[in-house]
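Read off the chains here:
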Amino acid sequence: MIIDITKSGYQKGYLPKKGIGVFHPFFATANAAFRKEALLKTGGFDPRCDTGEDIDLSIRIAKAGYELWFEPSAKIIHYHRYTLKGLLKQWFDYGYGHAYLFRKHSREHRLQFYRYDLSPRNDNPFGIACVLDIPFPVYGMIFLNSYHLMHFAVLIAFVAFLFSLITLGGVGLLVSIFSASWYLGIRFDPRNPLKSLLFSGIRYLADGAYVLGGLLGGIKEGVIYLGATRSRKNSFERSAYRAGERDQ
Amino acid sequence: MSELPRLTTSVVIITKDRPENIRNLLQSLVRQSLKPDEVLVIDNNSIKNYESVFNEFRDLLPLQTVVETTPGIPSARNRGIREARGEIILFTDDDCEADPFWVENMVKPFYQNPYIGVVGGEIISAKKKGSLVEEFCVSETLMRMGRLEDGA
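Protein chains in written order, with the numbering used here: chain A, 1 to 248; chain B, 1001 to 1152.
Since the hints were made in silico from the structure, they are not lab data. Take these hints with a grain of salt, some might be off.
[To be verified] As a list, the in silico DSSO-like pairs of lysine-lysine whose alpha-carbon atoms are at most 30 Å apart:
1. Lys195/A to Lys104/A
2. Lys1016/B to Lys41/A
3. Lys1016/B to Lys36/A
Remember, it's a predicted structure, so these values are computed and weren't measured experimentally.
Next up, chain B with everything else stripped away, as it sits in the complex (with noise of 0.2 Å):
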């Protein structure tokens, strides 16, 4: 694998009116065992003031920030693409957080076999202390139950 040109990464998040959230999923990625090499926002027009969150993260993550007028994710998702100079373009969204492998785990298979064009992982439902219909999204997509100590 050393052997082969290293592919660079773009991270890119769609986002509206999500601030308090984003936090969580930025701060995951500054953890990462393998840096992205940028962190593209795309602000979906958000209402919400964003400055402050994206502040903070300045220094600690290759942070580009854009704002799509177009509504709807699919737009943009594909302002992502265009703006992303990445090689590999990794999605998640603002409601979510990164397990600190989750870069490298993505990239790898992209090495293995140049005809992969897309890598999906696992995705996995999480509740704190939730309300019944969140408990019920939970447990509809409940396959293997497991247990996951918070800040683990």
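With the rest of the complex left out, here is chain A (with noise of 0.2 Å):
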């Protein structure tokens, strides 16, 4: 039997040390090893989290002095077995985590903008760009993708074509379908365009979840996060960056 497989797509060898706001190098613990004294000194993993332990162990691994190496060489086999409603949750439960972590992690007061970077570059690993940094009360992250826009866009028509605003209504309706399509369009296979539809749709749905479980999460700690999944186009995988490459 033949079955597909699919890698991480991380560089052999050393990870970058900084992120930016959580967005930082980490290990999944499905496949992680640690040396028992960083583990002892770091104190382990955070009770509190109820995802994203994994992050937040590497953020505090690194700031501790130790450095984090990829080895594809050592491979662990996951096999999925999710169904919809358990992808939903489980993609819900990740942006409510990450809310935790923002505060933990992040303590300025500032709101920041970001998008994903189309043009990745070495000095930027996670492949997002911070495109407007101000001044807050809280912290705040606000992701600006096609996702978001699309909806910002429709709710702004509709506002419009409320108040007769057929112009800037008009504009909204042509953003959305742009930013509609163009979120369709990142996953869209023409060699096989009903199932990369639905694809979308799943995706669609489970970019639902993070966001509400991130903007529920980050009520209750105090901290402003519209979140974002990244998609398959403009990813970590896609950037530039060679960790092995930085240390030769």
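Assemble the dimeric complex from its two separately framed chains, guided by the hints.
Structure below.
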């Protein structure tokens, strides 16, 4: 029997030790090995993390001065067994848990707007870029990508039409159609149109669950978090960063 | 490398109500090129019974089992850290399987540099013939497509 396999896409070698906010290189605990001394020195996993305990620990271990090494030859095979409900719950939990991480690791009182960086550079291993950074009473991280844009634009169009602002409404509608097709276009596969559209639909629901989780988790933690999931096209893996090359 | 003192290893697995899945993982640990010094299974308060699975592997692996009653993965993992006796603690999940060279390749980088605190390996998402949602999960992380012959 043949099964499809996928890989994480990190490069072999040292990972960058500085993150952007809590966008920090980390290893999922499904396949991670720790020096026991590093675990004892950092106090191990934070029991307050519902999800993202692996991200939190990688941040603290890097801050304690240790290096993170990615070793692609050490392979673990993970069998997915999701139902749609399980998948959405997981993404909701991710959003919810990440809000706690933001509060824990980002203490600045700033409102920051981010977008995915479509032109990956060596100094931006995460493929995200801060486009606006202003002082604010609490910490806020707001993502702007096609998923958010299509909803904002629809909302603006709706309000504009309500007040008979036809031009603004029309622009809003056009922007939402454009961003929605961008969103669909990322996954669209002409060889498999129906399936790729269905996948976009699942992604749409998962994005919604993540955003909702982030907003609700943010309310609980006193931060503003309008999250975004990373799409396949503009991800860490596509970035030009090569951890191994940096040190050579 | 042979002049350095050997680092001891503990594989720590957190599990909850998946005795049938963990069998595959334990089987894959039996086949390791570098045998772990300890395989520590933390049962996070399962309802299902693991005894028959554990008994199957008692002679094949240096198996230790502990029940952690505090719910939640972080607490269970911290229990694993406290109980593990190895200098290198390897974590994986009960729905995974390890490549035969997993332990050996995970430990190697720690000899290179004493400041390496954590090593991460490749997580290969696999599906047998799954549902649309499972296919989606695999496709979303799809970067490089490969083929893996089952049992190879």
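Against the structure, the hints:
1. Simply put, Lys195/A and Lys104/A have alpha-carbon atoms about 40 Å apart, too far for the 30 Å limit, and the pair is violated.
2. Taking the CA atoms of Lys1016/B and Lys41/A, the gap is about 28 Å. The hint holds against a cut of 30 Å.
3. Of the pairs offered as hints, the one joining Lys1016/B and Lys36/A holds, with about 24 Å between alpha carbons and a cut-off of 30 Å not exceeded.
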